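Chain B: place on chain A using the hints.
If you read the sequences in order, they're chains A and B.
Note that the first sequence ends on residue 570 in this note's numbering; no numbers are left out.
Note that the second sequence ends on residue 395 in this note's numbering; no numbers are left out.
Because the hints were derived from the structure by calculation, they are not lab data.
Small disclaimer: the values here were computed from a predicted structure and weren't measured.
Do not rely on the hints blindly, as some may be mistaken.
Claimed, not checked - Incomplete in silico selection of chain A near chain B, CB under 8 Å: (1) Val316; (2) Asp404; (3) Gly434; (4) Arg437; (5) Phe438; (6) Gln441; (7) Ala452; (8) Arg453; (9) Thr454; (10) Gly456; (11) Gly498; (12) Ala501; (13) Arg502; (14) Leu504; (15) Gly506; (16) Met507.
Every residue gets a Cβ at the ideal spot worked out from N, C-alpha and C, and that includes glycine.
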Amino acid sequence: MSFLAAVLDPSLPFVRNALLAGILSSVLFGVLGSVVTVKRIAGLAGAISHAVLGGIGLALFLAAKGLAPGLPPIAGALAFAVLSAGLIGVVSLKAKQREDTVINAIWAVGMSIGVLFIAKTPGYADPMSYLFGNILLISGRDLILMAVLSVLVVAGAWRFYPQIEASAFDEEFARTRGVRTDAVFLVTLAVVAVSVVVLQTFVGIVMVIAMLTLPSGTAGFAARNLRGMMILASLLSALFSVGGLALSWETDLPSGAVVVVLSGAVFLGASGLRMLAGGRRSRQKTARPSGK
Amino acid sequence: MGDGMKESKDRVEAGPTPSTHVHGRPTAVRFDRVSFAYGIDPVLADVSFHIHEGEFAALIGPNGSGKTTILRLLLGLAAPSSGSIEVLGAPPHTALESLGYVPQNAAYDPAFPISVAEVVRMGRLRGGGGRYGPEDRRAVDAALAQADVTELRDRPYSALSGGQRRRVLVARALASNPRLLVLDEPTANMDAESEARLFRALGELKGKATVLVVTHDTLFVSDLTDAVLCVGERDGRPGSVVRHASVPVAHGLAPGTFGGGALQVLHDTEIPPEDCCGKGA
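Just chain B, same shape as in the assembly:
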């Protein structure tokens, strides 16, 4: 586990791409007046927000608020109709090598014969072609350890529980030693033990890479969270993003465990973009 974390840290420190800066701090993600529509239905209107490098951020909002669209734009799977997006200081499609992604509903065919280690190895995939090598095998071992799924490595992926599969997908995302890790609804349908293991792994990553967790829970987030970005309708405009403050809550008050403490989101307390250097309130 230690080796994996060291590799991850080295990657962050040796990151070749200079990021853009907002208020003197480098940013991992920056949306600048971004709009997007499906046909004539606007989903995002003039959205601006940023996440600093090394931050643990939560992108929250109810279903249909535009979270998935923001994610697709960030991953380069869709292009904005106006505005600009920078991921690690570059257009999204050129930053893919430095990005780890854990999808909410990974297309999964139970009849597909594949082992856990082979699924994790996909995180080492290179778009331009090429086969896996010894370095990839070492990175897979480190990622399995980081996500606490080493004991599952030779099991068929189809034989795992939903929670185990989710942690394997986290390992797949970590296999590329990402500078930015994006997780879409990582705890959906996850048992308490898997959730605790997942947040333990994310906690070890905190500060070494930028983490963005997308969730529909608009009331509580993990206490690992540095920045809460809330997506929703504002002043009649769809898909606005504002930064909200958050406060710790007593143990047991939040419905989710987050593997540790939780923060309550203060929807009536907005943090201005120029004042975004830490946790709220």
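Just chain A, with the same shape it has in the complex:
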């Protein structure tokens, strides 16, 4: 059965859900990913996304042991994401020299806690689903969350675009214009944290960070400004998500991994072309030195 036939088949609702998730997540990957890329906080976002496994493991353990019956993994994920974002934000602002150590510690300790809790959870819990995503896990509730979050992120980016742009481009100057750059940074981290939790059902927590950086990185080669980068990154993300899903369906491969490999291949190709073009321009400049 082709991917298109599967999407139209009423007996396969999970394929439609995956397609909708791919399209909805593109807005978040594009808009938020552009901010993460230009602010150069991909490492921070990576630490938050990996620490989320600790919360998922804890929630699964508590629910299975009957200590918190019915506690959904997403609740634990959200708690750990916000906690790690807060910790990283405070350390980044108040103790910059310790930032690297703390980020790596949160990254590794969060994941380890998750593995330990999952190992001690009665019954079977597959950490691979959370690490690399599983389109079978995408529910109607996830789609609603993605849609609501997308609307909120786009509205926030539109309303505070000048402040976001200036904080990312020249933080000190933005402060001299009265922008509370620390607040912009902390809110960005918090939104990244919540988005990671919502998006991990689609591509998994390991690969969320790839989708937050690859489409926006590719868009950065062609965009003339941050707004254009956000729009182009969203379109590219949608293309990679839908294309990756179709490819994974046809080849029977894990969808999250295919989406990320496709995004990575295009990013590397664009980087190569950019380097070639840069080298050619530089040679032409050397051959014909201009007056200025």
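Okay, now just chain B, sitting in the frame of chain A:
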């Protein structure tokens, strides 16, 4: 260009904040017995100086003398451990709307996609939020003309030379029609043509706004300068500020062009604070 200058002049004349006065003249900047230390290392000790409104001032001193600290205090990016600071008659953080700032090394990411006009537009930024409007677009056009970079407006910022980037940052500072313009080492790594254009733009601003140029060149300053404030160790105390006299030098004697004439700083001639109504000697 004319419109931009007129707007700037109107802003000065209609300035809503009454400035404090020293010796009968309103002041744009006033440091009163200000001290500051990084941890236990004192950088400024009991520093007092003032700059009058409309003056073109140079804050000079060798690297590490405390110039950047004075600048950070003036911009409200740091708070003094003792003493008081007034900028345009108000605490620094409340005067930001009336202040234009050109940093020495603006954090600059070559991969950041942004045009010259968009960088200049940041000068119209409002901290409390809000998007840019038609008035901001007009102010950007005027600032581009004032800094003589109109022809660069649609170019990517990353495609500019160092000197062009510096003039764009001057335009960004002018976009807010500032009553006080602060420039940190504005001619560092700048070619002669860019330097001449920059000082031409500053010359047109002279008298309409207060200009403070910070530089590590302790021997010569532009002949636009009304007041030379020298930062350095004095009587064993770090970061003292004294007002020095200056005299014109013959063309070609000063290493920098300043886009026109230069003044030589007379480090052995101090102007007392109560006698600060014009150029030295």
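Here is how each hint holds up against the structure:
1. Val316: holds, 5 Å
2. Asp404: violated, 38 Å
3. Gly434: Hint violated; Gly434(A) Cβ to chain B Cβ min 11 Å, cut 8 Å.
4. Arg437: holds, 7 Å
5. Phe438: holds, 6 Å
6. Gln441: holds, 6 Å
7. Ala452: holds, 7 Å
8. Arg453: With a minimum Cβ separation of about 6 Å from chain B (threshold 8 Å), the hint on Arg453(A) holds.
9. Thr454: Where the cut-off is 8 Å and the nearest Cβ of chain B is about 5 Å from Thr454(A), the hint holds.
10. Gly456: This interface hint holds because 3 Å falls under the 8 Å limit.
11. Gly498: holds, 6 Å
12. Ala501: Because about 4 Å separates Ala501(A) from the closest Cβ in chain B, which is inside the 8 Å limit, the hint holds.
13. Arg502: holds, 6 Å
14. Leu504: holds, 7 Å
15. Gly506: holds, 7 Å
16. Met507: holds, 6 Å
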